Each structure stands twice: as structure tokens, then as C-alpha cells.
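Residue numbers (numbering that gives the first Met the number 0), protein chains in the order written: chain A, 0 to 223; chain B, 0 to 202.
Careful: at least some of the hints might be erroneous.
Unchecked claim - Chain B residues, not near chain A, derived (Cβ > 10 Å throughout):
{"no.": "1", "residue": "Gly27"}
{"no.": "2", "residue": "Lys53"}
{"no.": "3", "residue": "Ala111"}
{"no.": "4", "residue": "Gly134"}
{"no.": "5", "residue": "Gly138"}
{"no.": "6", "residue": "Lys168"}
What the hints assert, rightly or not - Simulated coverage check for chain A against chain B, where a stretch passes if three residues somewhere in it have a Cβ under 8 Å from a Cβ of chain B:
{"no.": "7", "stretch": "146-159"}
{"no.": "8", "stretch": "195-207"}
These are computed hints drawn from the structure, not numbers from a lab. In this text, all values refer to a predicted model and were calculated from it rather than measured experimentally. Glycine residues also receive a C-beta, built at the ideal position from the N, C-alpha and C atoms.
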Amino acid sequence: MKILLSEDEPQLNHVLEAAMTAVGYQVTATFNGQEAYEKAKNESYDVMIFDIMMPIMDGITLVKKLRQAGDKTYIIMLTAKAEIDDRVTGFDSGADDYLTKPFSLKELMARLRSLERRSDEYAPKVLEKGNVKLDTEKQQLSSTNSISLSNKETDLLGVFMMNEGKEFTTQELFIRLWADEADASADEVWVYISYLRSKLASVGADFEIVGEKGGSFKLVRKGS
Amino acid sequence: MSIYGDCQQYLQPILDQVLAQIKQLNDGYQQRTGAKLYEHLEGRVKSEGSMVEKLHRKGYDQTPTAALRACKDAIGLRIVTNFIDDIYTTIALLKAQPDIAIVKEKDYITHAKPNGYRSYHMIVEKTVNYPDVEGNFPGKYFIEIQLRTIAMDTWASLEHEMKYKHDIKNPEMISKELARVADDLASCDVSMQTIRKLIREDQ
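Model the full structure from these sequences, guided by the hints.
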């Protein structure tokens, strides 16, 4: 994993960098928010770890600026302040997790391992089900034939392929995949289900998405 | 002497007849449904030069029988449609024609070639009011028919261009991109097909 660290205390900065590098992470160490912001603008990271109290630009401002710029990287805040309000401010400005100083290095490493598992195991790049392969990176669906999918089709089919036999209501799918779009309507769920049905048929898939317009949908093996 | 022998004189008239026959199918379909069956229709008689070259390449004799029986594409036509479904509708209508018999079919739409090529290929045998190379009357002539959507047609012409250019700098990369874009076009074709279906269901 590539990690961006920002911590102004030289000793702690050094310890964190050494510990994370020792287990094979690529660490970019910075000493203030401004420096971290410049790095984050030019390179992508898997995790960012920021201290809150830093000179030039503090951690809260840094998180806010990154989120405003559209950066969605997982961010862990390090804070000496254990006050609830400070944690809340951290979360509200866009942080995903926090550790209160003094924290145990073991705990930080465990959290990083947990994140790593999540990104590797829980978001597989190639999903396989029946005679079908879905490459979520190339957005390609293949079986006896192959076809490209749009972002949304890939995400929607991913939900079904990871949950064979589970029923999803139109509303659940809408909230799950269309939540960010202000002008979307729940009718789009049916349109995308229709696209996927045609595309699954066109590659000769041995499963299908069953359900009626506006109702619930699930993935089932053909003929079952 | 033509490579097609005495039959050479019948090839263009047969092509014209089959083109007219398909146009008529389209007219009938349009009257019934209000939609057209295909976007365009074109045909050709394979040139003498190309046929001679093909016979040589395949190791066949340079005879009219080989040119008209062993080779089955002396007369060829292509039907280009707007939507994938139109291809299968057209095929069903062709199969219902009493003077047309299906000899061979290859569905490269359901099973695209590894390079991304998609089309539906048919060899049919049409009974005509002319003698054929074996002396039968009415005679029988093979016709090769390719059916594809506009997107598949555009892709095929791009692929054709690449195949005949030998100075392409990065052929592997271009081939990979062609295969990918073929999947993208298939995706568009299937999406448009789906939208048309949704519109029609709403009516």
C-alpha cells in the first residue's frame, strides 16, 4: 500500500515511517499540511495518516481541502485531543478514522492490515459466477462472448454477482448506486437492469436477473 | 474465356434479382410495422481477378465449376441494419423465401471472433430461371450474405484498413484497442436495442 504521512513531530514521524516501511508499505513522509497537500495533489495513495495540530496547514484544513478537490482516499487522523468534539470535527471534515495520542503502534499497524484486507479481498477486481467473468477494472463482461459495460452497469452487476440469490428492492439499489446523483430517478434502476439483462444474454451467461419493473431483483441460475 | 464460363452472363442479373427481392421484403415489412428492416443493402459479383486469385490460394482448379461450386461467394451481398434484432428478423424473412435454401450459417454476433469481428454470415442457394454450371435448369447459385449493424460495419472497415496496412508502428496495441472498441460498440448496440424495446413496451 502507498501511504502518505503528515506529522510535524520529527521523532514520531520517523518512528511511523520506519515501522510502516519495515512491513513493506511505501511511505511518503511530510511534516506539515501544505507539504502533504502538494504530494496528494500529484500522486495517488491508498491511505493517508495526518496529525491534526501541524504548522502552516493543520490536519483538519488539509482533509477539507482534499475532500473538496474530490480526493476519496481513506484518511486516518492522529490527535492529541481526546475531546469528543474534536473527533466529531475530524469526521465531519471528511476523515474516515482517528487514533488518539498516545496510541499504540501495534494498533495502527493492525488498522492498516485491516484496510489492506478490505481493499484486496472485499473488492476483487475480477468476479466470477457461473460461466461469466466480470473484470471490474476493464469493465468487461465475458463468457462465450464479451462486451463492455459502463461504470454503473459494472457496479450494479457486481452487487448481484457478489450476492447470488439475495433480493434487492428497486429502492435499495437506487440508494446504493444512485445516491450521489441529484437529478436521478428510481426509474433508472429498471433501465440499467434491462441493459444488464440484454448484455448477460449477449455473452451467453448461465444466470439471469429476475424481477419486475419497480419491484425486487435477484440473480438466479437459468432454469432454476 | 471467363473464369465463370458461360454462367458469367447470369451473375449480375441474379445479383440484381436477389437485391430486388430483399428490397421487396423490406417494403412489405415497412408497410406492416412502419419501421425499416435495414439501413443499407449492397452487393457485388466477385471480380474475375479476385476469383482467380482465390482459386489459386485455396488450391482449387481454375474452372467455372470450382469458381461457382467450390467457392460460394461469386455473388455476395451485405445487409447493414440499425439494430441487432433487425438482423435476426431479416434472416427469418430470408429463410421463408421459397426459392432460397440455407446452406451454411455462422453467427459471429453471438460468438464474436477473437479479434472482435461481429457479423452474421450465411451461404444460401437460390433457384433461378437460368442454367447453372452443372447444366441444371432451373439452375442453382450460391450467394454469400453478410448481415451486421452499422456499428459492426464501421468496425469491420477499420479492421480492414489495419489488415492491409503493413507499416503500422504498433500493431499489437492497435489490435488490442480494436478488440476493446468492438466490445464497446457491442455494448452500444445492445443498449440501443434495449432502449428501443423499453420504448415499445411503454406504448
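Next on the checklist: Checking a non-interface call: every C-beta of chain A should be farther than 10 Å from the C-beta of Gly134/B. Is that right?
Outcome noted: holds, 44 Å
Checklist entry - Regarding the assertion that Gly138/B does not contact chain A, is the least Cβ-Cβ distance greater than 10 Å? => result holds, 38 Å
Next on the checklist: Please verify that the nearest CB of chain A lies beyond 10 Å from Lys168/B's CB.
Outcome noted: Fine: 24 Å to the nearest Cβ keeps Lys168/B off the interface.
Item to check | Whether Lys53/B stays farther than 10 Å from all C-beta atoms of chain A, as the label says | outcome: Nearest chain A Cβ is 29 Å from Lys53/B, so the label holds.
Item to check | Status of Ala111/B, Cβ more than 10 Å from any chain A Cβ | outcome: At about 5 Å from chain A, Ala111/B fails to clear the 10 Å cut-off, so the statement is violated.
Next on the checklist: Can you tell me if the stretch 195-207 of chain A counts as covered by chain B, using C-beta to C-beta distances under 8 Å and a minimum of three residues?
Outcome noted: That given contact holds, which follows from 5 residues of the stretch 195-207 of chain A lying within Cβ reach (below 8 Å) of chain B.
Item to check | Residues of the stretch 146-159 of chain A with Cβ under 8 Å from chain B, three needed, outcome | outcome: It holds: at least three residues are needed, and the stretch 146-159 of chain A offers 4 whose Cβ sits within less than 8 Å of chain B.
Checklist entry - Beyond 10 Å from chain A, beta-carbon-wise, is Gly27/B? => result holds, 28 Å
Hint check: a violation occurs at hint 3 only; the rest are consistent with the structure.
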